[in-house]
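Number of protein chains: 4
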Amino acid sequence: MTLTLTEAQSIIRDSLAWRAENGLKPLTVAVLDSGGHLVALAREDGTSTLRPEIAQGKARGAVAMGLGSRALFKRAQAEPFFIQAMNGLANGSLVPVAGGVLVKKDGAILGAVGITGDSSDNDEACAIAAIEKAGYEADGG
Amino acid sequence: MTLTLTEAQSIIRDSLAWRAENGLKPLTVAVLDSGGHLVALAREDGTSTLRPEIAQGKARGAVAMGLGSRALFKRAQAEPFFIQAMNGLANGSLVPVAGGVLVKKDGAILGAVGITGDSSDNDEACAIAAIEKAGYEADGG
Amino acid sequence: MTLTLTEAQSIIRDSLAWRAENGLKPLTVAVLDSGGHLVALAREDGTSTLRPEIAQGKARGAVAMGLGSRALFKRAQAEPFFIQAMNGLANGSLVPVAGGVLVKKDGAILGAVGITGDSSDNDEACAIAAIEKAGYEADGG
Amino acid sequence: MTLTLTEAQSIIRDSLAWRAENGLKPLTVAVLDSGGHLVALAREDGTSTLRPEIAQGKARGAVAMGLGSRALFKRAQAEPFFIQAMNGLANGSLVPVAGGVLVKKDGAILGAVGITGDSSDNDEACAIAAIEKAGYEADGG
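Residue numbers (the UniProt record's numbering), protein chains in the order written: chain A, 1 to 141; chain B, 1 to 141; chain C, 1 to 141; chain D, 1 to 141.
Among these hints, one or two may not hold up.
With a Cα cut of at most 25 Å, we get these calculated BS3-like pairs of lysine-lysine [unchecked claim]:
#1 D:25 to B:105
#2 C:105 to B:105
#3 B:104 to D:74
#4 A:25 to C:74
#5 D:74 to B:74
#6 A:74 to C:74
Facing chain C, according to a computed beta carbon distance under 7 Å, are these residues of chain D, among others [unchecked claim]:
#7 5
#8 37
#9 38
#10 41
#11 46
#12 118
Which chain B residues stay away from chain C? Per the calculated CB distances, all over 10 Å, these [unchecked claim]:
#13 9
#14 67
#15 74
#16 91
What the hints contain is simulated information worked out from the structure, not anything from laboratory work. The C-beta atom is built at its ideal place from N, Cα and C for all residues, glycine as well.
Work the whole structure out from these sequences, hints included.
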C-alpha cells in the first residue's frame, strides 16, 4: 500500500493552502511513495533552484531510515559520521533536517512528505497539518 | 521569464487528460523552468520507480542544449560519443530520447516538459498538446 | 528576468576597478544567471588554478539556496552536516564562504556574483560595490 | 608563458564581433590558459544552460591532449573507447567536437579557445579568426 497520485496532489494543495493561511514563505513540497520515489512535487514561484532536491532529500531520508527527518537531524548533531555514512550509501541524496515527515497508517509507512522554504520547524508543521488532513498519521521524527 | 507553478500544474493536468483521452499508458510528467530546475511533477499510479528521473532527464537535456530531446536522440544515433560527452558534463542527468519538449514564447525558452511512460513518440505528442493548449510554442526537436 | 551578458561584463569591469582602487589582491569574478549558470567570468593574472571553480561555487550556492554565501558560512559553522548535505545534493559544487552575493531587483533574484582572491570580507565588499553600481540590490547573506 | 586576462578578453571580444559580422547564432566563448584553467568566459543572451561547460570542455580537451578538438573528434569516431578512457581520467570534462582551438606561439601552447552555439565548423572558424587576430597561431586539430 502506498500513496496515490491523487492523494499526493491533495497533500500538496493542502500544504500550500496551510502555508498561505499561516503566513509562511513560499515552499517546495515533495511527496514520495513507500519505495522512496517521487510521486508529485510543486515548487512555488520565487523559491531557489536547489529546493526540489532539498524537499526530496528530507522525505527520502525519512523513508530510507524509517524515521522522520527531525530524528535524523538529532542523530546528525550527536553523531555526524553516522549521517555521513548513510549519505555515502545514498549518494549524498539525504537531508537530515526537520521537514521530512513520514505518512503512516496503522504504523505502516505509506510514503513521506518533504517541505523546504521556511524554518525547518515551520516546514515540518506544514507537512504534519497536510498529512493529518488527509487522514493519515504524521511522524516528523 | 519562466513558467509559473500555476502554469506548470496546468500543463500536467492537460497532459494527463490528453493521455486518458488518447488511450496512452500511465505517464510521469515533469515541468522544468528556464534554468532547468523542477517546478512540478506528477507520476501516475502503477508507473515504475525511475520514471521521475527519466521525465526530468528528457526535459533537462532540452533546456541544457536548447534543443528538443528528439534532436538529441538523432545526434546520439549519429554521434554516440557526443551525447556521452554532454552527459559527462551533466553528471549523467540527460536523457536523449524524444519526449523532452521545449516551451517557448517568441522563440525564447521558458522551460521544458518531459514525459515518459508510453512510446517516445506518444510521450512527445502528449507534451506538445499540453504546451500548445497553454498557449506556448512546443519544440520537440 | 535575468542578467544579460552586457550587465555581467560591466559588473566584472567594475569589480576589478574597485579592487585596484582599494588595493585588494588580484581576483577572479564569476557572474551567474538566475538559474545558477555562468554568464561571464574573469580571472586576473597570477591567481591560482582553482579560483574559477571557487568563484562559481560561492555564487552557485547563493542562487541554489536563495541566500548570500555569508549566510551559508554561518550555517556551516553552526550545522556542518547541513552544508555537507546541500553539497551532496549539488555534487560538491557549493562553496559556503562569504563572497557569493545575490543580485536582486525588487526582491527577485536575477543572478549572483562570486569573487575570490582576497579575504572573504573583501571579496564580498567588492561584489557588493559592483552590484550596487549596476543599480541592483546586493544580498551578501 | 600563458595568455593574460587582457588577451583572453580581447579574444572573446573579437570572437563575438566576428560571429555578428558572419551571421552566426549567439555563442559562448571560453579561454583557458596553458594549464587548462579558465581565464575568461562570455555566454551570449539566449544561449542554453550547458554552453559554459561545453565551451570549456572543447578547450579543455585541446589543452589536455595537446591537440585541437577536431582531432579528438576524428579519434572519437575511429576509436570511441579511446575518448571514453580520456574522459574517465578527466571526470567527463572533455568534449571531443570541433571548436576547441589551441593558441600557440612558435609551436608552444599558450592556452585554448572553446566556442559553442553554431555548427562545430563555424564555432571553430570563429575561434581561429579571433586567435589569428591576436597574433597567435591557431590549431583546430
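The hints, checked one at a time:
1. D:25 to B:105: holds, 18 Å
2. C:105 to B:105: This hinted pair holds, its Cα atoms lying about 23 Å apart.
3. B:104 to D:74: Violated, because 35 Å separates the two Cα atoms, which is more than 25 Å.
4. A:25 to C:74: holds, 21 Å
5. D:74 to B:74: holds, 19 Å
6. A:74 to C:74: holds, 19 Å
7. 5: holds, 6 Å
8. 37: Because about 4 Å separates residue 37 of chain D from the closest Cβ in chain C, which is inside the 7 Å limit, the hint holds.
9. 38: holds, 4 Å
10. 41: holds, 4 Å
11. 46: Violated: closest Cβ of chain C sits about 10 Å from residue 46 of chain D, beyond 7 Å.
12. 118: Violated, about 16 Å.
13. 9: holds, 20 Å
14. 67: With a cut-off of 10 Å, residue 67 of chain B remains clear of chain C, as the shortest Cβ separation is near 16 Å.
15. 74: For residue 74 of chain B, whose nearest Cβ neighbour in chain C is about 25 Å away, the distance exceeds 10 Å, so it holds.
16. 91: violated, 6 Å
The structure is inconsistent with the numbered hints 3, 11, 12, 16, although it conforms to all the rest.
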